[in-house]
Amino acid sequence: MSRLPLLQHVAVRRLMWLIAVVLLVCLAIFAGVRIAQP
Amino acid sequence: MRTVFARLIRWAAVYLLFALLPLILLLIPPRPPARTFLIEYGVGLGFVALALMGLQFVLTGRFRGVAASLGLDTMLQFHREAGIVASLLVLGHVIVLLLHRPAYAAFLDPRVDAMRALALWILLVCLLLILVLTLGRRRLGLPYEWWRATHAVLAATVLFIGTVHVFRVGWYISIPWRQAIWGGLSVVAIALLMHVRVGKPIRARSRPYRVADVRAERGRAWTLVLEPAGHHGLRFEAGQFVWLSFEPSVLSIQQHPFSLSSSVAAPERVELTIKELGDFTSGIRNTQPGAAVFLEGPYGAFTLPAEARRAVFIAGGVGITPIMSILRTLSEQNDDRDLTLLYATGSPDSTIFLDDLPTLAGTLRLRVLHVFERPPEGWTGERGMITEELLGRHLPADDRDLHYFVCGPAPMMDAVELMLAQRGVPMDRLHSERFDIV
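Protein sequences, first through last, are from chains E and C. Just so we're aligned, residue 1 is where the first sequence starts under my numbering, counting upward by one. Just so we're aligned, residue 39 is where the second sequence starts under my numbering, counting upward by one.
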């Protein structure tokens, strides 16, 4: 990992892709919850 | 939670919550029967993609609070990345469902339902066009105003067809309150688009300006001097920008962002300095005094914080304009901060405000360092590009309280921001403004 201070436009890009990963995980949880429901 | 990073994280958390809203709503009973994991996952991808597309209209809503907190350019960069993510989610939605259950191909088959298939193909083509035209606008030679007009139409089409698709499939939203929520959110998104593309232009037209003067600057740049017509003028912070339009019609596609270059002390006489770089900017020289002009704004977070006692401005070419506004404002306020300007240009002839800077250096504690790519004969100062060595020669070794302001062409900003980051300058003290996001 880089130890450089983060630039704002780089941080913004990384943040959106981090959000995308979180969304995919949440989608898996959603699908799991749905099929577990009666 | 005052740092830029903390503000970004807090903002992202709110965004994530809204992006997940559809999934939360879908889990509230009564629910339709569950299908397989992959079908639920694939359907969820579609819902989240639609939520992200709706949120795109919020990101481009030009809300002053957001613009002042993070900067409109940051919002637009986020919007750009979110658009790519949303498009990939739509692709994932199609692929996961088709791979898991090939019978779903009927949705895209015109022999099964011509209207439905046509609408969904239009949605996919519009999405592809948005990506291609946005990421490749310059390579394709598409003028900014035409890109901006098509972007709105394509985005609204995608959102409309996506919402109709959700209603037509109806699996998850057969209940009236769910229909009301989805319909309502779509209406809000379109209302936001109208707010930016119609509402704000109407407001700008109600506060017109007259061109008082068109002043030639060095480097094929022109300063438009504007006076308010029937109102008190523009209240702005030094370093901010406005959207400029000459067209009286609120539906005009001509609207371009430019930095204010004048002092905040004169809201009744604002100046925009514009370099000839394209079709629109090349026409500025022909503007006649007395012409009506419309401004929307101000926007931007490229402003000098009160606590910044020492500042270094690094400008490239026309990137000097917001910095000029800051310097002129500080000069009028008899400010005694320690300031340095590193100004990279082609040659003295192409250096905008070359003749104004010595005056400011005389009234402020300002050190001006020119860096000429093509210096005149006998020039003993800095030459070439802004490099790490050059920064090392001119920046103080102890820069713990220094605020840096960088504005210029994208390649220069990428290079300089990286150099400053390598010098250990944190995000909170590195201010930048990017105009060429598209």
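Be aware that a few hints might be false.
Claimed, not checked - If you only want the chain E side, here are some residues facing chain C, beta carbon under 7 Å, derived:
| # | residue |
| --- | --- |
| 1 | VAL12 |
| 2 | ARG13 |
| 3 | MET16 |
| 4 | VAL21 |
| 5 | VAL25 |
| 6 | CYS26 |
| 7 | ARG34 |
| 8 | GLN37 |
Honestly, the hints are just simulated from the structure, not real lab data. All C-beta atoms in this analysis are idealised placements derived from N, C-alpha and C, irrespective of residue type, glycine included.
Checked hints:
1. VAL12: At 5 Å from the nearest chain C Cβ, E:VAL12 passes the 7 Å test, so the hint holds.
2. ARG13: 5 Å, holds
3. MET16: The hint holds - E:MET16 has a Cβ within 7 Å of chain C, the shortest such distance being about 4 Å.
4. VAL21: 10 Å, violated
5. VAL25: Not OK, violated: E:VAL25 not within 7 Å of chain C, min 11 Å.
6. CYS26: Holds - the Cβ of E:CYS26 comes within 7 Å of chain C, reaching about 6 Å at its closest.
7. ARG34: E:ARG34 check passes; min Cβ-Cβ to chain C is 4 Å, inside 7 Å.
8. GLN37: 6 Å, holds
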